[in-house]
Amino acid sequence: MIELKHITKIFQEEGRATTALSDVSLKVSEGKIVGVIGESGAGKSTLIRCVNLLECPTSGEVYVDGDNLMLLSSSELTKARRNIGMIFQHFNLLASRTVSENIAFPLELDKTPKTNIKARVEELLKLVGLENKANEYPSNLSGGQKQRVAIARALARNPKVLLCDEATSALDPATTHSILALLKDINKQMSITILLITHEMEVVKSICDEVAVLNNGELIEQGTISAIFSHPKSELTQQLIASSIRMQIPLDYVERLSPQPGPGKNLLITLEISGQSMANAALSEVARLFQTNSNIVCAQIDYIGGVKFGIMLIELIGEVDKELQAVAFFKDKNIKVEVLGYV
Amino acid sequence: MYESMIELLIKGTIETILMTFVSGFLGFALGLPAGVFLFITRKGQIKENRILNNLLSILINIFRAIPFIILIVWMIPFTRLIVGTSIGVSAALVPLSIGAAPFIARMVENSLLEIPYGLIEASLEMGATPFQIVRKVLLPEALPSLVNSITITLITLVGYSTMGGAVGAGGLGQIGYVGYDLVVMNIVLVLLVALVFIIQFTGDFVSKKVDHR
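Going line by line, the protein sequences match chains A and B. Per the working numbering, residue 1 is the first one in the first sequence, and the count goes up by one each step. Per the working numbering, residue 1 is the first one in the second sequence, and the count goes up by one each step.
You can trust all of the hints, since none of them are fake.
These stretches of chain B come out as covered by chain A in the derived footprint (C-beta under 8 Å, 3 or more residues):
| # | region |
| --- | --- |
| 1 | 113-119 |
| 2 | 138-145 |
Below, a list of computed lysine-lysine pairs in the PhoX-like style, where the Cα atoms sit at most 25 Å apart:
| # | chain 1 | residue 1 | chain 2 | residue 2 |
| --- | --- | --- | --- | --- |
| 3 | B | 136 | A | 79 |
| 4 | A | 265 | A | 331 |
| 5 | A | 5 | A | 233 |
| 6 | A | 111 | B | 136 |
| 7 | A | 126 | A | 111 |
| 8 | B | 136 | A | 114 |
| 9 | A | 79 | A | 111 |
| 10 | A | 336 | A | 322 |
| 11 | A | 133 | B | 136 |
| 12 | A | 111 | B | 47 |
| 13 | A | 188 | A | 27 |
| 14 | B | 208 | B | 136 |
| 15 | A | 5 | A | 32 |
| 16 | B | 136 | A | 118 |
| 17 | A | 322 | A | 333 |
| 18 | A | 133 | A | 184 |
| 19 | A | 32 | A | 160 |
| 20 | A | 308 | A | 32 |
| 21 | B | 47 | A | 79 |
| 22 | A | 160 | A | 184 |
| 23 | B | 209 | A | 133 |
| 24 | B | 209 | B | 136 |
| 25 | B | 208 | A | 133 |
| 26 | A | 160 | A | 27 |
I should point out that these hints are in silico values taken from the structure, not numbers from a laboratory. Where is the CB? At the ideal position from N, CA and C, for every residue including glycine.
Go ahead and model the full structure; you've got the sequences and the hints to work with.
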């Protein structure tokens with residue numbers, strides 16, 4: 001549905017050239033949700049703007065629904081863009097228009113008859129659950145509601161493609177969740193292809209089928225969610241995955257933590273569960289081999305694309321040297337283990 | 001004596017109001033398109049054009065540099081050409097409108113600059129033509145700020161129109177300093193202050209009414 005071929009974008013600013021994207025190729029199949037993740041300044045915004053030519057690539061080809069957009073005349077491009085909806089981080093709603101008028105805006109641009117507009121707007125309001133806000137102005141809405149209006153507006157013309165430019169980055173976690181659920185719903189119901197960019201692995205994890213990692217203008221990794229999560233190749237990808245699984249050591253453990261073993265003190269470790277490692281089985285083996293019990297203090301585990309990920313904070317309860325042998329055993333089994341100290 | 005004075009003041013007030021609003025209207029008819037043009041031809045805007053932008057900008061700067069009192073005299077041949085006379089209310093309208101237009105153009109440009117670029121980008125993404133962007137996005141979004149510009153312009157024009165009085169344009173200005181009658185002068189001042197207050201109050205009211213930001 002969307003295909004970017006060898007996209008390079010160079011910005012010329014006061015004689016200095018900055019390469020925002022270099023040789024990026026990306027394919028998004030029909031009906032899929034693909035996420036591009038990267039840190040700020042990686043070129044994500046430029047990349048998504050290349051899809052509808054809000055930014056014109058310096059070189060490369062952009063195909064949307066079979067058309068090579070770079071070859072279209074400006075009036076043809078205007079038409080092609082009507083097949084592409086887009087939502088933005090800061091919503092970009094017209095403050096001078098009510099919710100319904102905002103949703104009607106793209107239809108007005110097409111000179112759609114008023115009665116058709118009215119019916120379509122009502123349908124869309126229902127879809128995004130804002131029937132009772134039809135005549136409010138955007139300034140009276142919450143962030144999540146504004147993004148719902150923006151989604152309704154983007155869908156007004158039944159586009160085949162929806163581009164999401166950091167659509168949830170300005171929203172709180174609960175609202176983010178509901179907006180993502182809405183996007184997933186739209187994707188399923190209308191089989192709209194979605195390309196989204198984000199800096200949060202959470203977003204990718206919760207709705208994307210495939211993910212591409214962008215770093216300094218280059219696509220360093222791409223694949224299905226389960227492939228990327230189970231075998232992240234680059235350090236950045238690993239970091240991004242780790243950042244989505246955060247764990248805090250409880251405060252009273254932190255206070256009791258000491259580097260030396262002592263009477264009544266046990267070893268505190270973290271175990272990382274990533275994809276293929278069999279941490280669960282290892283725990284029971286450790287209990288058997290080293291007579292060391294594991295007390296799981298806290299854990300954050302997620303099931304993504306058919307694989308388990310997470311981190312566990314474990315108190316090993318056994319003899320001092322047996323505890324250390326257990327740690328060595330984990331290392332042997334290729335399980336990432338970190339010794340924090342004794343509690 | 002009193003009756004004729006009252007009559008004179010009423011006539012002057014009407015003339016001042018007429019000059020202010022008609023030249024304000026004509027000034028906007030010239031200044032609004034010029035301001036929009038200045039904005040859309042700016043660097044990075046929907047119809048970027050450095051040369052045309054610079055040309056218009058220079059023209060506006062030149063006209064803004066000419067003091068109004070000189071502009072009136074300087075424009076006399078042109079005024080004659082258009083309205084056939086160089087004295088009276090209709091003659092004053094020409095320099096008033098021409099004097100206000102560049103000022104209005106700059107204020108319109110400034111109002112448009114306040115609009116977040118994201119809105120223009122979103123409209124482009126939705127396939128809006130430049131004309132649609134101007135009509136459906138730029139002007140409605142800038143409306144509260146444009147109303148404030150109209151208020152400022154009208155109040156400035158009240159002052160300018162009295163200057164016109166010095167060269168026989170009529171209006172309260174002319175009555176104010178003909179004859180050096182202290183009472184008349186003070187009445188004129190009170191009337192002008194009242195006019196300014198009414199314009200400001202109305203402008204604020206309308207601007208607030210149309211502001212949904």
